[in-house]
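K.L.:
Sequence:
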Amino acid sequence: MSTKILPESEVRPKLSHGDGDHERFSHYADKNKITESMVTGTPIRALCGKVWVPSRDPKKYPVCPECKEIYGGLPKGESGGDG
1 MSTKILPESE VRPKLSHGDG DHERFSHYAD KNKITESMVT GTPIRALCGK VWVPSRDPKK
61 YPVCPECKEI YGGLPKGESG GDG
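So that you can map any letter, position 26 of the sequence shown is 26 in my numbering, and since no number is skipped, the others follow by simple counting.
Treat the hints with care, since some could be wrong.
Restricting the straight-line Cα-Cα distance to at most 27 Å, the calculated cross-link-like pairs of lysine-lysine (DSS-like) are [said to hold, decoys possible]:
| id | residue 1 | residue 2 |
| --- | --- | --- |
| 1 | LYS33 | LYS4 |
| 2 | LYS50 | LYS68 |
| 3 | LYS33 | LYS76 |
| 4 | LYS4 | LYS50 |
| 5 | LYS50 | LYS33 |
| 6 | LYS4 | LYS31 |
| 7 | LYS50 | LYS31 |
| 8 | LYS60 | LYS4 |
| 9 | LYS33 | LYS60 |
| 10 | LYS76 | LYS4 |
| 11 | LYS4 | LYS59 |
| 12 | LYS60 | LYS50 |
| 13 | LYS33 | LYS59 |
| 14 | LYS76 | LYS59 |
Since the hints were derived computationally from the structure, they do not count as laboratory data.
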């Protein structure tokens with residue numbers, strides 16, 4: 001009997017802007033969750049899948065291209081916020 005080791009599969013799609021670049025962008029998420037996260041320190045998930053605790057001014061960074069694309073495809077009234 002032999003054992004075969006399968007390669008790890010990535011649950012989240014690989015980002016076109018490379019690993020670690022999430023920190024260089026501001027991300028879209030539910031506005032209420034962003035506020036709550038900033039107060040409680042509980043991590044939230046951006047539209048692109050990044051999990052983080054918002055702690056900086058999002059206006060100082062370009063918008064994550066993946067979040068922007070997803071946000072653009074949402075029906076009106078289902079918007080997130082930026083973080």
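K.L.:
With reference to the structure, classify each hint as holding or not holding.
P.N.:
Status of each hint after checking the structure:
1. LYS33 / LYS4: 43 Å, violated
2. LYS50 / LYS68: Satisfied, since the Cα-Cα distance of roughly 13 Å is no more than 27 Å.
3. LYS33 / LYS76: Satisfied, since the Cα-Cα distance of roughly 19 Å is no more than 27 Å.
4. LYS4 / LYS50: 31 Å, violated
5. LYS50 / LYS33: With Cα atoms ~14 Å apart, LYS50 and LYS33 stay inside 27 Å; holds.
6. LYS4 / LYS31: 45 Å, violated
7. LYS50 / LYS31: Given that 27 Å is the threshold and the Cα spacing comes to 15 Å, the pair holds.
8. LYS60 / LYS4: 48 Å, violated
9. LYS33 / LYS60: 20 Å, holds
10. LYS76 / LYS4: Violated, at roughly 48 Å.
11. LYS4 / LYS59: The given pair, whose Cα atoms are some 48 Å apart, is violated under the 27 Å limit.
12. LYS60 / LYS50: Holds, at about 18 Å.
13. LYS33 / LYS59: 18 Å, holds
14. LYS76 / LYS59: Between LYS76 and LYS59 the Cα gap is close to 23 Å, so the pair holds against 27 Å.
Hint violations for this structure: numbers 1, 4, 6, 8, 10 and 11, all remaining hints satisfied.
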